[in-house]
Structures are given as C-alpha cells and as structure tokens.
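Student: Line by line, the protein sequences are chains A and B.
To get the working numbering, take the position in the first sequence, counting from 1, and add 67.
To get the working numbering, take the position in the second sequence, counting from 1, and add 35.
Simulated from the structure, these hints should not be mistaken for laboratory data.
There's no promise every hint is true.
What the hints assert, rightly or not - Here are the simulated lysine-lysine pairs, BS3-like style, with alpha carbons at most 27 Å apart:
no.: 1; chain 1: B; residue 1: LYS46; chain 2: A; residue 2: LYS165
no.: 2; chain 1: B; residue 1: LYS153; chain 2: A; residue 2: LYS93
no.: 3; chain 1: A; residue 1: LYS215; chain 2: B; residue 2: LYS183
no.: 4; chain 1: A; residue 1: LYS215; chain 2: A; residue 2: LYS168
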Amino acid sequence: MRLLSYMGQWKSAAKEVLDRTAIVAKFLCLLHVTNNYLCSPTLVGNPINTCSIFLFSFCLFVGWLGLLSCGVQVYGPSMLPTLNLTGDVVLAEHVSHKIGKVGTGDVVLVRSPVDPRRILTKRVVGMEGDTVSFYVDPMYSQTTVVPKGHVWIQGDNTYASSDSRHFGPVPYGLIQGKVFFRDYVFVVSEFFIRM
Amino acid sequence: MRLLSYMGQWKSAAKEVLDRTAIVAKFLCLLHVTNNYLCSPTLVYGPSMLPTLNLTGDVVLAEHVSHKIGKVGTGDVVLVRSPVDPRRILTKRVVGMEGDTVSFYVDPMYSQTTVVPKGHVWIQGDNTYASSDSRHFGPVPYGLIQGKVFFRDYVFVVSEFFIRM
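My request is simple: use the sequences and hints to build the entire structure.
Tutor: Below is the structure:
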C-alpha cells in the first residue's frame, strides 16, 4: 500500500520535472536559434572575465531583446586602436555573411584556418578578385589577387597581427559574423572596475 | 451588445491562434536546433562519390557533433562548404588530416606529394575521375567542415527503385 502511494508521488514528481525540463529546453532552443541567426555570446575572452561577461551578455540579451543584440568579447592586440587590448564586448550579427553582404572594410569574426577552434576578429581588406598589396618586410611589398570564394583579412594593428599576410586568403565560408557595434556600457563599467 | 460578443469571440479565437502559433514556433526551433547541431537528413547528388553514393541523389544522415569535438578523421565522408563557392556544400571523403603526407595524380604520368598544413584537411571524392576536390583547390581548412555522414537511407533508395520500375 505504502509502496503504491510512494510510486504515485514519485510519478507525479517525475512528470513535473519533465514538464519543467521541456519548458527550459524549448526556451534554450529559442534562445539558441535567435542567437545563431543574429548574434551569439561567443565566450572567447579570458577565463577571469568569463563569468561576468556571460552574465553581462545575458542581461544585455534580455534587456535589449527588441533590438536583437548579443555581446561577443574580443581581446588581443591585433585590432588596436579600433578594439581594446584587454577585451571589448562587441555586437556581432550573423545574418550578413549568409546573404553575401560582407564587403571590404567590415570587421568580421572569422574561424582561424590554422586552428579551427579559435575565432579571430579582423577587417576584410579585399574580396574575391581584388588585388591586394602588403608588406612582407619593410623593404619588400608583394601583390596578390584574391581567389574566387576567398577574402583577404588583416588586423588594424599590422605590426602585431597574424592574418592573411601569414596564412593566405581565407575561404568566405569561414566567416562567422560581422561586427557592427562596440558596447560602450561595458567599456565604461570596465573603467569603473579598474579604478 | 452584439459587437461586444463578437469582440469576445474574436479575442478567444486570436488567443487560440497565438497558442497554436507558439507551439508551432517552438517545434520549428527544436527541429532547427536538432537539424543544425545533431543530425540532419541531407540529399546529396552528383558523380563525384560513385560508387559509394548515387549519381541521381541519395538521402544520407549527417551528424554535426563530431567536427566540433574534433572527431573527424581519415576515411570519413564529410559535408564540407566549398572554398570556391561559399554557398555550395560538397560531399567528399577525408583522405588526409593535418600533418599527413598525401600523394595524388595530377595526370596519369605525374604524381605529386604534399603535406597537409596545420588546421586543414585533404578531401577527395571516391570517383577520382569526375570529382573536383583538394587536388584542384588545395587543402581545405577544418573549419569549413559542416558535418559527418554516417548513414545512408536505404528506404529512400528502395522507394526510388520502385518508382523507376
């Protein structure tokens, strides 16, 4: 008798757990779909800041749901002075590269052809068919034509950037998204944290 | 009076429409996430993978988990985004991973050997005579791999057979 009543309770508890899990799973799918076709909080920042960035990006997402914006943290010296050395949260959208609207001058997130797990932030300097000149060393410049289906990317800080001058033109299919906005709230809050 | 009752009916009908739409939207999101991140049926066609895959089309199941965790290796049939045309997805076999030495025939007399650079893979179609692959456009960055084929749909093959009889 008591066993039957325990089983009954357990069954209803299990059902409730499943319902809650289904709701969470559906929400995560929705979040993920929206994130991937608009922008994603790709956590490429250093681990110390990761939690705060995730929380911040999440609040950003919830707060700016109507504007469909998400934060990506980018760091490194290769895009100085455009982007910060110690990290910047930028908004990146994932629609443009799918419809072919990425062009010269855009700052893009691109998967590294050398290490497929890394995503780089560089500027597109030449599209397919363009002629690109670059300095291999201060005396010697080289000119190449960007082949079909590829783009030529360079960091703004040419002295401290490993880009297409080192690993050649990058296939267009490796572009993950286009950066369109820097998050100045993050910049200001970082300033206050460090004060 | 009648107007108020009409509005009441319309409101409940609208609510029901919204509920149904929400269910459909959630289902589509779930379907989309599964398709993109787990497993998706894909129609592949073309002569470059004969005799493994059919010329006029084969439905295969491709999973999208392995390449993200680095489990794609030599001998796998993969879906890879073309480095020449970013809107096309090719189905080829991985013949060499980064660091491997690959030999291939440029023409029947002359063979060439290359080492696959870091972060790249060498893909070739099974039907070497009618396949444009790494022998033409060079090693392909690993990041272009979209998924790994693990199953061919034999139900589709059988039904195609019966349709053509």
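Student: Hint by hint, say whether it matches the structure.
Tutor: Tested hints:
1. LYS46(B) to LYS165(A): violated, 39 Å
2. LYS153(B) to LYS93(A): Between LYS153(B) and LYS93(A) the Cα gap is close to 39 Å, so the pair fails against 27 Å, i.e. violated.
3. LYS215(A) to LYS183(B): The given pair, whose Cα atoms are some 26 Å apart, holds under the 27 Å limit.
4. LYS215(A) to LYS168(A): Given that 27 Å is the threshold and the Cα spacing comes to 16 Å, the pair holds.
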